[in-house]
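Given these sequences and hints, build the entire structure.
Chains A and B are the protein sequences, given in the same order.
When the count follows our numbering, it moves up by one through the first sequence with no breaks and lands on 406 for the last residue.
When the count follows our numbering, it moves up by one through the second sequence with no breaks and lands on 908 for the last residue.
Keep in mind that the hints were calculated from the coordinates and are not lab data.
Accuracy of the hints is not assured; some may be wrong.
Said to hold, decoys possible - Derived SDA-like pairs (lysine to any residue); straight-line CA-CA distance at most 25 Å:
1. 714/B - 286/A
2. 774/B - 314/A
3. 309/A - 676/B
4. 275/A - 766/B
5. 222/A - 420/B
6. 754/B - 253/A
7. 754/B - 282/A
8. 275/A - 432/B
9. 789/B - 157/A
10. 774/B - 269/A
11. 714/B - 173/A
12. 533/B - 432/B
13. 754/B - 259/A
14. 275/A - 473/B
15. 774/B - 230/A
16. 714/B - 201/A
17. 275/A - 825/B
18. 222/A - 676/B
19. 275/A - 746/B
20. 754/B - 272/A
21. 774/B - 178/A
22. 781/B - 286/A
23. 275/A - 482/B
24. 676/B - 286/A
25. 774/B - 253/A
26. 781/B - 333/A
27. 714/B - 282/A
28. 275/A - 837/B
29. 275/A - 675/B
30. 275/A - 699/B
31. 714/B - 272/A
32. 222/A - 157/A
33. 275/A - 676/B
34. 754/B - 157/A
35. 222/A - 432/B
36. 714/B - 671/B
Given next are the chains, with one letter for each unit.
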Amino acid sequence: MSTLRRIGSELRVPALSILAAFLVGAILIFLTDVEMLRGLPADPLGSISRGIGRVLASYSALLRGAFGDPATYAKAIASNGDLNLWTRAVRPLSEGLVASVPLIFVGLGVSVAFRTGIFNIGGAGQFLMGALGGTIAALLFGAGVTPVPFAILMIMLFGIAGGALWAFIPGFLKARVGASEVITTIMLNTIAGNLIFYLVTNIDFIHREVGVGQPVSTELSKFVDLPGILPIAALRLDIAFPIALLTAVAVSFFLFRSTRGYELRAAGLNLAAAKYAGIAASGSIITAMLISGGIAGLGGALVVIGDAKQLQPGIEGSVGFTAIAIALVGRTRPIGVVATAVVFGFLAQGGRLMQADTIIPIEMLLFVQALVIAFIAAPDLTKQVMRIPFRRNAKPAPKPVTKGVA
Amino acid sequence: MRLELQKITKQFPGVLANDRISISVDKGEVLGLLGENGAGKSTLMNILSGLYRPDSGKILIDGKERIFRDPAQAIDAGIGMVHQHFMLVPVFDVTESVVLGNEPTKGLLGSFDRAAARAQVVELSKKHGLDVDPDAKIESLPVGVRQRVEILKALYRKSDILVLDEPSAVLTPQETEELFGIIRGLAKGGTSVIFITHKLNEVIAVADKITVLRRGAVAGETTPKKATAAKLAEMMVGREVQLTVSRAASRAAKPLLQVEGLRVLNDAGKLVVNGVTFTVRSGEILAVAGVQGNGQTELVEALTGLRKVDAGSISLEGETLTNRSPREIATAGVAHIPEDRNRDGMVKGMTVAENYILNTYHLAPFSKNGVLNRKEISAAAEKAVRDYDVRTPSVDTDIGSLSGGNQQKVIVAREFGRGVKLVIAAQPTRGLDVGSIEYIHRRIVEQRNAGAAVLIVSTELDEVLALGDRVAVMYEGRIVGILEAKSATRERVGLLMGGIGK
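If you want it as structure tokens, here you go:
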């Protein structure tokens, strides 16, 4: 009971923030509706109601894109087990989860660093280097050279190594000379992107028979393919997703049950007290960065093999920054990160249909995402927009004293 | 002027900071406002100085209601605040500091009239007996004199009501005595003074009448003639309080901690502990007195491994501890109650249980093969919470949500909970309520009686005198004297604290 209530109160702010973001987003969609504005002088009532209609249409497209179309579900149910119809009905769900996989990995990685008080903005670079490691492993061990499970294991290990190596550099620099990890990780993102560009363009081992000068690796599915996890082969969700969930469990155990996790959390919350307790700060920083980068790298390796199937610059998309948002929204708790990443995955998936169906640009969705983050970062703002008292037991708030304060 | 606050009420979310508080002070009268941290003193004064507005209640000056919308209006009305932390510009001289914000000007361009300003400052300091060199730079002045500059500043702005917030916190006993002289002089000259403090002896010494606050409300009013320290403490806390620590005579035995020729640098590379030598024996309390900032902080940091020792040696029972890590020193049997509990002593955001294991988390039974044993941790923390009377909803509560006294009890429980040979307690009761102070003192004496060597570092003279079997005084990085308890009088220690009378 008390656990349920605790979860409820933990979820309240994120849930309300998402709702508030959608409300504000709706207003913006409405106000930027050119047709509505143009029709306003001649037919105010009509164009306003059509404008509202379009807002509803775009959100309904977003929801259908994210969770599937009720009509398709109905047909699938009525069809008495027509595989094709079922595939179509649940594909958005599956795609939403596929989209959430990189977000979960990088979000978890970033969270471990945040918990230690390190602002690792290098998720994108670590993800890319993990993808590079996974690609190399696939090329070395795939295509029948070793059994598939072994090849996949190697892909995971190479991915972890790639990401961990990339995160070790800023971790080491911070621990040894106090270099700001914010700067170094951002720089390393750019370096990783260009390094990948160079490798996939120039190194035959990775590039192989692809057209000369094309910045893309050879087709990796010829070497290794990750097994799907759904009974319908046409759905792309593969073992990367359960591995992501297992990683979340492992991170949770590490942070809250292990001795090392305790040290990292203590150092992250209060470095002076950690020193007092005999915890070496430099050790905590390097450990946290290795784990953080390793997780992001594991994600990169699994995503490049399972989802992207080709290594090329840009496969990281905006995962680095979205993952930071996800870590913050999920309060750097593994379960919160997974939940938020899934929501963001669905949003991304739904956004595609929203754009296709209603000519609402995808930027609008990014805008809504940004609002979600803004509302979570500023609970008071959510409170104002939603007009909901947060603490049930709190006594009535005092009158604001804005005037008196100098 | 006569100032009256009538039924002032101020509500903050979840806290009724001021509950219908009424106080008054007459022209030429000194009101002692006594209360513990969190009793509502600061809120009340912030209302008086125009920073907050009360939810209800009135401020009357000479019988007329006044409303302060901002601090400037309070200053205009003649209310002058001298804050605990001085608000002075170090590179200004005294004259500039006093007139800052209200400078006399000359000429069409309104340029600063230095001569006039200096003359006014000289006149003011003569009139009120506040002896200050008008040309001295602030940074070159001792704190006691800086405080006089603050008072001059208030007088320069024609304050008829002077509010002093914990003015003695940074002063030596002698400086405090001088301050009292100044306050009496000002009152004689017609200034009304509100003297805010949590020190019982001070209100008795200087006030004409005393108002005691407790939990946001007036707990009682009295006069120094009728009041005793014990009675005031009872009013302040709401129950009877033991003011003196009862303890048997020290049975000091073999030397445990030996410090020789210790030299320590601060962060800026300045030598702040300069050749300190002392011994603490088993079963005795050595209390180190001194005005804040005379090297005590760095001394403790060096002893506990948090700061590098530049030269000299530290040993415990013959084992060298010089420049060992905090963990090695703790393992050697040193308990450390740190000076700044918020910074060093605990991790807010972690639970009481997690804080309880802060320096033993890596040891069995709390940790095995790199995994924490939560059952053992909870059980140990629950026992500590019971043993040390920590008021917390559970051991899984965030330590940050407990009161200062309860936080300190968790720290004390943690430090005393492992085998202790030496206790190093820095400012162990700073900012705590009387009840917690009493409790923590008792626990420290218990450790001494059990045979531990105890080193207490405190800027509170009362604490030093109450606990020390021997009293060492630090001044400018040196130990300028070590006195036996019976010869450590307030006066002698006070003089040493000021660097006089070695």
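Which hints, by number, does the structure contradict? As far as the earlier hints go, 2, 3, 5, 8, 9, 14, 15, 16, 18, 21, 22, 23, 24, 34, 35 are violated by this structure, in ascending order.
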